[in-house]
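Undergrad: One letter stands for each residue in the lines below.
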Amino acid sequence: MLKTTFAAMLTVCLTAGAAAAAEIQPAVLYDLGGKFDKSFNEAAYTGAEKFKKEAGVDYRDFEIQNDAQREQALRNFARKGFSPIVAIGFTQATAVEKVAKEFPDLKFAIVDMVVDLPNVRSIVFKEQEGSWLVGVLAASASKSHKLGFVGGMDIPLIRKFACGYVGGAKAVDPKIEIYQNMTGTTGAAWNDPVKGGELAKSQIDRGADVIYHAAGGTGLGVLQAAADAGKLGIGVDSNQNHLHPGKVLTSMVKRVDVAVFDAFQDAKAGKWTGGVQVLGLKENGVGWALDDNNKGLITPAMKAAVEQAEKDILAGKIVVHDYMADKTCPY
Amino acid sequence: MDPTTFLDLAAPVLGSGLRLAVPLLFACLAGLWSERSGVVDIGLEGKMLAAAFAAGAAAATWHSPWAGLLAGIAASVFLALVHGFASITQRGNQIVSGTAINFLAAGLTVLLGQVWYGQGGRTPQLGASERFLALDFDFGVSRLLGGHGIGAVWSEALAGHNILVYAAIAAVPLTWWILWRTRFGLRLRAVGDNPQAVDTAGVSVASLRYRAVIVCGVLTGFAGTYLSVAQSAGFVRDMTAGKGFIALAALVFAKWKPFNALAACLLFGLLDAVSIRLQGTPIPGIGRVPVQVFQALPYLLTVVLLAGFIGRSIPPKASGVPYTKDR
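Going down the list, the protein sequences come from chains S and G. Under the numbering used here, the first residue of the first sequence carries the number 1, and numbering increases by one thereafter. Under the numbering used here, the first residue of the second sequence carries the number 1, and numbering increases by one thereafter.
Incorrect hints may appear among the rest.
Said to hold, decoys possible - Reference excerpt, derived from the structure (chain G facing chain S, CB under 10 Å, subset only):
| # | residue |
| --- | --- |
| 1 | Val153 |
| 2 | Glu156 |
| 3 | Gln231 |
None of these hints come from the bench; they were simulated from the model. By construction, the Cβ of each residue, glycine as well, lies at the ideal position given by its N, Cα and C atoms.
Input sequences plus hints: build the corresponding full structure.
TA: The following block contains the structure:
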């Protein structure tokens with residue numbers, strides 16, 4: 001009995017391996033907040049769709065509804081021989097570590113966190129650099145000299161966004177005041193637009209006229225509240241300028257789409273590598289969005305200021321502090 | 001701190017508290033109507049959720065918040081009638097039926113949303129013309145009161161909300177008047193306390209209870225519509241986030257009386273607003289308080305107040321008991 005089971009398993013593994021060599025079977029696992037949060041997860045979706053279109057290889061995806069499903073979903077993908085499996089979000093780390101150990105022949109990738117295993121590619125971004133740039137723009141656009149920041153879950157990663165933003169804003173205007181709020185301390189904080197809207201309103205009441213969010217689905221409420229009040233919002237992760245044309249100053253784009261696309265592409269081309277990938281301004285991993293929806297808001301002077309900041313960061317003249325390194329923000 | 005400065009600071013918090021209290025108030029009054037007639041309704045949450053979804057979808061389809069309101073009420077009344085059928089006609093267990101409605105709404109909204117719009121259960125984002133926006137009225141009061149102190153309370157806390165906020169407040173005296181000053185109201189309350197007496201008087205218990213659950217459905221319809229079409233711009237999965245249950249707590253708190261319900265819901269809304277606003281701001285004399293303290297405050301206060309300060313809270317006597325004629 002045991003023998004036959006083992007033999008069956010071996011056959012499955014072998015055929016799966018053979019299939020993978022011929023054509024890859026990629027999969028994406030989204031975080032809480034959902035595939036269509038118009039922000040972080042949606043960027044991953046965009047990248048996967050792009051790969052599907054260009055390479056003609058279909059992929060599977062899964063949206064978790066609660067924390068318990070992370071490991072289940074990953075293991076389910078792994079059992080069916082999917083590879084590479086891209087997990088979106090820092091909260092997936094423990095599940096990825098566990099499942100990647102059990103399936104050493106499959107390729108895994110995780111965004112926003114480092115998992116130190118040979119078959120895992122860890123993709124992390126220098127959000128502080130992109131946030132610095134939108135901070136520069138926010139401070140230049142603000143008339144009240146007061147800015148707002150609304151974060152999702154209160155975690156070091158989000159503090160990292162806030163810290164870069166404060167740094168960029170203070171580089172333009174050292175006396176500028178920045179109100180910071182976090183939505184909550186659980187995963188629900190990524191999907192609470194009502195609370196996001198109330199936090200934004202509270203900052204607007206205190207005088208803020210540009211509000212940056214790093215809060216996934218919650219941020220939709222932030223941008224809505226800013227647009228309703230005639231103030232400016234700043235989007236995050238995906239380009240969110242189109243959500244309220246003329247009311248979103250810019251978006252801090254984090255190219256999760258590129259990271260997912262590259263992971264799939266590398267696996268297909270046989271160029272897959274594990275290890276840590278750090279994507280910053282230099283690698284085009286982060287940046288600020290300029291398109292038809294916000295070009296009226298960005299004056300030539302603002303554009304010049306932000307491009308100068310970009311150059312300085314690339315040249316190493318400005319080194320944006322990484323909050324995660326020592327859990328403090330010097331700005 | 002002089003009173004004017006204090007009022008300037010407090011006014012936006014009061015306004016925010018009012019906005020947050022509205023869905024609770026609608027749901028709490030809905031529960032009051034239902035339970036006063038003897039039908040326990042634990043399905044407020046589900047009805048709100050279904051209404052929020054229907055309202056978001058209808059407002060996006062017909063580009064009108066009013067279409068959203070109608071659809072929200074229709075969806076919620078339908079579920080209320082299902083609950084009514086189970087608990088009045090079939091004399092089923094009211095808790096089970098209500099819980100079933102909660103589960104049904106939580107699953108069905110996401111499923112339909114995914115099938116119709118393919119956005120993970122979200123309905124399309126609503127534009128300004130598809131939502132209930134803040135009303136712009138003043139009646140010259142600002143000029144009279146000025147921009148500070150009482151004037152700030154007027155302009156930031158009382159005026160400038162959307163129409164559903166005022167509808168919620170208007171529903172309080174209306175509920176009181178119908179239930180305590182009309183013959184229909186007297187019978188409806190009697191059917192919740194002593195259905196045998198009402199039956200003996202030759203009035204149909206079932207028809208009265210059905211009318212009560214329909215009103216309950218209409219009110220939760222308003223609550224759900226407020227969430228998706230006024231407070232935010234579209235439906236999001238699980239957007240009620242337990243408000244139906246908080247409304248039930250408020251109902252117990254309010255001893256099943258409308259004006260008490262207003263006070264209880266405003267208190268809960270205000271605590272929520274305070275926890276949002278005070279986050280990250282230093283309090284004079286104490287310093288910076290961790291966010292978690294404010295987040296726990298509403299619950300702590302509920303426990304403390306329920307335990308010692310409001311006295312006994314007695315539900316309508318026949319609440320939750322199906323009525324059978326012959327025993």
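Undergrad: Hints first: check each against the structure and report whether it holds.
TA: Structure-based check of each hint:
1. Val153: Result: violated, 13 Å to nearest chain S Cβ.
2. Glu156: Since the shortest Cβ distance to chain S is 7 Å, the answer is holds.
3. Gln231: 6 Å, holds
Consistency with the previously given hints fails for number 1 only.
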